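**Student:** As they're listed, the protein sequences go chains A and B.
If you use the UniProt record's numbering, the first sequence corresponds to residues 1 to 397, in order.
If you use the UniProt record's numbering, the second sequence corresponds to residues 1 to 397, in order.
Hint data in this document are derived by calculation from the structure and do not stem from the laboratory.
Here the structure is a predicted model, which means the values were calculated and not measured.
Please note: incorrect hints may appear among the correct ones.
Result set (DSS-like, lysine-lysine): computed pairs, CA atoms no more than 25 Å apart in a straight line [to be verified]: (1) 345(B) x 327(B); (2) 77(B) x 327(A); (3) 345(B) x 77(A); (4) 386(B) x 348(B); (5) 348(B) x 348(A); (6) 77(A) x 386(B); (7) 327(B) x 386(B); (8) 345(A) x 77(B); (9) 348(A) x 327(A); (10) 348(B) x 77(A).
Between beta-carbon pairs, the in silico distance windows are [as the list claims (entries may be wrong)]: (11) 239(A) x 10(B): 39 to 49 Å; (12) 64(B) x 396(A): 30 to 40 Å; (13) 99(B) x 389(A): 38 to 48 Å; (14) 286(B) x 389(A): 47 to 57 Å; (15) 13(A) x 353(B): 57 to 67 Å; (16) 125(A) x 286(B): 47 to 57 Å; (17) 310(B) x 135(A): 45 to 55 Å; (18) 381(A) x 116(B): 37 to 47 Å; (19) 13(B) x 282(A): 53 to 63 Å.
To give a feel for the contact side, a few chain B residues facing chain A, derived at Cβ under 10 Å [said to hold, decoys possible]: (20) 87; (21) 111; (22) 141; (23) 182; (24) 191; (25) 217.
For every residue, glycine included, the Cβ atom is placed at its ideal position computed from N, Cα and C.
There are 2 protein chains.
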Amino acid sequence: MNRYEQRQQWLQAEMIQRGWSGFLVTQNVDIYYYTGSMQTGYLFIPAEGEPLYLVRRSLERAEDEAHAAVEPLGSMKTLKERLAARYPGLLEAGAAAGGLRLATELDVLPVQQFQRLQAALPGAAWEDGSLLVREQRMIKSPDEVAAIRQAASVVDASLEAVIPQIREGMAEFELMALIEHQLRLRGHQGLMRMRAYNSELITGMVAAGASAAVPTYFDGPAGGTGLHPSSPQSSGRALLQRGEPILVDIGCCIDGYLIDQTRTLVIGGLDPELQRAYEVTEQVLRATEARLQPGTISEHLYLLALDQVQEAGLSAHFMGYGADQVKFLGHGIGLEIDELPVLAKGFKYPLAPGMVIAIEPKFTFPGRGVVGIEDTYLITETGYEKLTISREGVIVI
Amino acid sequence: MNRYEQRQQWLQAEMIQRGWSGFLVTQNVDIYYYTGSMQTGYLFIPAEGEPLYLVRRSLERAEDEAHAAVEPLGSMKTLKERLAARYPGLLEAGAAAGGLRLATELDVLPVQQFQRLQAALPGAAWEDGSLLVREQRMIKSPDEVAAIRQAASVVDASLEAVIPQIREGMAEFELMALIEHQLRLRGHQGLMRMRAYNSELITGMVAAGASAAVPTYFDGPAGGTGLHPSSPQSSGRALLQRGEPILVDIGCCIDGYLIDQTRTLVIGGLDPELQRAYEVTEQVLRATEARLQPGTISEHLYLLALDQVQEAGLSAHFMGYGADQVKFLGHGIGLEIDELPVLAKGFKYPLAPGMVIAIEPKFTFPGRGVVGIEDTYLITETGYEKLTISREGVIVI
Numbered sequence: 001m002n003r004y005e006q007r008q009q010w011l012q013a014e015m016i017q018r019g020w021s022g023f024l025v026t027q028n029v030d031i032y033y034y035t036g037s038m039q040t041g042y043l044f045i046p047a048e049g050e051p052l053y054l055v056r057r058s059l060e061r062a063e064d065e066a067h068a069a070v071e072p073l074g075s076m077k078t079l080k081e082r083l084a085a086r087y088p089g090l091l092e093a094g095a096a097a098g099g100l101r102l103a104t105e106l107d108v109l110p111v112q113q114f115q116r117l118q119a120a121l122p123g124a125a126w127e128d129g130s131l132l133v134r135e136q137r138m139i140k141s142p143d144e145v146a147a148i149r150q151a152a153s154v155v156d157a158s159l160e161a162v163i164p165q166i167r168e169g170m171a172e173f174e175l176m177a178l179i180e181h182q183l184r185l186r187g188h189q190g191l192m193r194m195r196a197y198n199s200e201l202i203t204g205m206v207a208a209g210a211s212a213a214v215p216t217y218f219d220g221p222a223g224g225t226g227l228h229p230s231s232p233q234s235s236g237r238a239l240l241q242r243g244e245p246i247l248v249d250i251g252c253c254i255d256g257y258l259i260d261q262t263r264t265l266v267i268g269g270l271d272p273e274l275q276r277a278y279e280v281t282e283q284v285l286r287a288t289e290a291r292l293q294p295g296t297i298s299e300h301l302y303l304l305a306l307d308q309v310q311e312a313g314l315s316a317h318f319m320g321y322g323a324d325q326v327k328f329l330g331h332g333i334g335l336e337i338d339e340l341p342v343l344a345k346g347f348k349y350p351l352a353p354g355m356v357i358a359i360e361p362k363f364t365f366p367g368r369g370v371v372g373i374e375d376t377y378l379i380t381e382t383g384y385e386k387l388t389i390s391r392e393g394v395i396v397i
Numbered sequence: 001m002n003r004y005e006q007r008q009q010w011l012q013a014e015m016i017q018r019g020w021s022g023f024l025v026t027q028n029v030d031i032y033y034y035t036g037s038m039q040t041g042y043l044f045i046p047a048e049g050e051p052l053y054l055v056r057r058s059l060e061r062a063e064d065e066a067h068a069a070v071e072p073l074g075s076m077k078t079l080k081e082r083l084a085a086r087y088p089g090l091l092e093a094g095a096a097a098g099g100l101r102l103a104t105e106l107d108v109l110p111v112q113q114f115q116r117l118q119a120a121l122p123g124a125a126w127e128d129g130s131l132l133v134r135e136q137r138m139i140k141s142p143d144e145v146a147a148i149r150q151a152a153s154v155v156d157a158s159l160e161a162v163i164p165q166i167r168e169g170m171a172e173f174e175l176m177a178l179i180e181h182q183l184r185l186r187g188h189q190g191l192m193r194m195r196a197y198n199s200e201l202i203t204g205m206v207a208a209g210a211s212a213a214v215p216t217y218f219d220g221p222a223g224g225t226g227l228h229p230s231s232p233q234s235s236g237r238a239l240l241q242r243g244e245p246i247l248v249d250i251g252c253c254i255d256g257y258l259i260d261q262t263r264t265l266v267i268g269g270l271d272p273e274l275q276r277a278y279e280v281t282e283q284v285l286r287a288t289e290a291r292l293q294p295g296t297i298s299e300h301l302y303l304l305a306l307d308q309v310q311e312a313g314l315s316a317h318f319m320g321y322g323a324d325q326v327k328f329l330g331h332g333i334g335l336e337i338d339e340l341p342v343l344a345k346g347f348k349y350p351l352a353p354g355m356v357i358a359i360e361p362k363f364t365f366p367g368r369g370v371v372g373i374e375d376t377y378l379i380t381e382t383g384y385e386k387l388t389i390s391r392e393g394v395i396v397i
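Start from the sequences and build out the full structure, keeping to the hints where you can.
**Tutor:** Structural data, given as C-alpha cells:
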C-alpha cells in the first residue's frame, strides 16, 4: 500500500468511528496530501470503498499523478447522481441512518462554494472535517520528513551563500532578494502556504534593527515594515546598519514541504543587552529540546519557556512586545506553515513520533530590533532530531 | 474627501439601495481597499455613519495607516454590544425592518469564520456582498492606475535586464529566478494575489517549448510543468532550447497593485507556423484594441477573438488545447489578478472608464510550445491607454 492509500484508509477508519459517510476534500493542499496530485476539483473519500477524484483541470495531469480514480468533474448539477452511481447504496444508507453525513474542510472552504455543495447534495448533513485532517497531517510519514530535511538543507546553503554578500547600507529588501534568488536556484517552489484566512508569507521575515521590531498583523513574533501598507510585513526599505540585529527568519518549499529557520546576524557585534537576550533564546531552545519527546504536552513547552523568560527578566520582550506579543513558542509545519501542534496555551497534544515542529524563541526590543533563533524538529520514538542544520550563535559579519 | 472615504461612501449608497444595514468586510485585500490598511480584523461599514475598523493586530499600525476609526477587536462575544454602542439604533432599526441585513464577502470567507460571525450577531440576515465589492473595485481611481503603471514599468525594466542573460541550456526555473530577482530589486512586493479559492500564482507563467504547453490546473491559457506535482504550474526543470518559444507571462506587485504582461521570446528564431500563430495573436490584440472603449460589452471582445481565430484556422489551439482550453480572452486586474470584468461569454459588463484589463491571446501547440502576447489596458473616456510598455513582436535572442 502506498502512502496515499495509507492516508485515505486512516481517514476512512476515523470516518467510520464518527458515523460519517464520506469526506469531500476541497482544498488544493489536502487533495495533494491524499492523492499526490493538486489539479482543480474535488476528492471524494467514502467511509468505505475507493476514493474518486473529480477533476476540472487538468484531467490529463490528474490521471498521471493521482493515487485515486480520476473522472472529469462535469456539472455540479450531476454530482449527486454520479456519486450515487459510483457508490451504490451510499445515499440510501445515509438516509436510513437519519441523513447522509458528509465532512469537508469548513476552516478553508468559502461560504459560496459550500452553498453550491449543499445545493448539489440536498439532504446531506455537513460535518467540519478540518480538525481531523489537520490532526492527521500533524504526523509526518518518512517521505514527508525527507522533503522537509531537503528544504532545511536548501535554506542552509542559501543562507551561507548570501552571508558573504551582506554589506552595511544594503536595503532589507535587497537582502531578501538575494536570499530568495539563492533559494529559487536550489529548487524552492516559491510558495509558503498558510492555511489561515488572510494569512500570507513572502519567504519569511527578514528585517533589521528598529524596523524588525515594528509589529505586524502576521501571527508571529517578528515584524517588519514591509514595502508598503498593502504588504505590511517583513523586509522594507531600511538600510542595514552596523551593530543592529539582522533577523533572517526564512523558509522554503521543496516537493511541497516547508521548513522554517531563524538566525540572528550582525555586522560588527551586538551590544551586550541584545547579545544576552539572544543567549537566553538559545537557552530556551536547549531547555525545550530537553523535553522534546513523545508524551510531552505541547502547551507545557510554551509554559516552560514563559517561566524561563520571566526568570531572565525578559517577559515584556518575549515573542513580540506589549500589545503585539504573540502567545506561542512554536508550530507544526509541513505542507503549510501553520500546522498542528501549536506550542501554546490550550493546545494539549501529546508530542508523538512523526510530528515536525518549528520552535522560535525571540525577543523584541522596540527601536532596536529582534533577536532569536528558530529550528525545526522531528519528534522521534526516543526524543527528537533537529532537521535544520545551520550554525547556531549570532552570526557575525 | 480622500479616496478611501469615497469608496466607503459609494458602498454606503449601494447598501441603502439594497436595504442592507451594514457591510462587515473580512478579507485583507478588501479591508485595504476601503481603509488603506491591511491589519488583521474586521471593518464594519454601516449603511449610514462612520466605519469602524476592529483590529486584532497590529492596532498601532492600523491607527497609523487606516482612514477609518480604529478600535481593538477584543472578544467576538462582545461584538454585538460594541456595534450596538457605536451605532445606536442599528440593531433596533434592523429588527423593525424585519431583520438586520448585513453583507459580507461570501466568495472568500471560510464557513467556520462565517459561523462565528453568525453566532456573534444572532438574528442578522447575511447577504453576499462579494459581487458588489468586486464590481466597485472594477473601476480604478487615478492612484490605483498610477500604481499599476509603475508595476508595468518595473516588469519592463526587469524583462530587459534579464534578456541579455538568457542562454540555451538554462533551466526554466533559473530564468524565473533571474526575473524574480530583478522584479524584487525594483520593488515587487513578492505577492500575486488571487481571489478564487485554491488559486495561486508564483510570479507568472514562464516556460518554454513542450513544457509550456503542458496543461495546468491554473485557470489560464499557458501551462508549465512546475517543479513538482505540489506546485504544478509555470517553470520546471526543462532546459531552454534553440528555436522553441519561451513564454514570459509575468506580473509584479507595486503598492499592492498588479500588472500582467506576456512576451514571446526565442533563441534563434521560431519556425514559420509558430511565427504565424504569434502574428495572429498580435492581430487579435489589434482588433480587440479597436473595440476597447466605453460601452463595448466585455463578452463581445472574446466572441470577436473567437471569430478571428477561426478564420485563421487556429481554433483548436486558442487559449490552451483540447480539453484544457480556457474560455476567456482577458480579465480585470488590480489588487488581485482575477478581477472583473472577464472577457468571456456570459460577462455582459459594458466597458467603462477606469477599468483595467489584461488581454492575452495565446496559442498552444502540444509538444512545441505556447506563443502569444498580453498587454494590460486602462479604459479611458474615449478609448484606451496601454499600461504595459514592453516592446512587441517575438523577441529574438
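**Student:** Name the hints, by number, that the structure is in violation of.
**Tutor:** 5, 6, 13, 20 and 22
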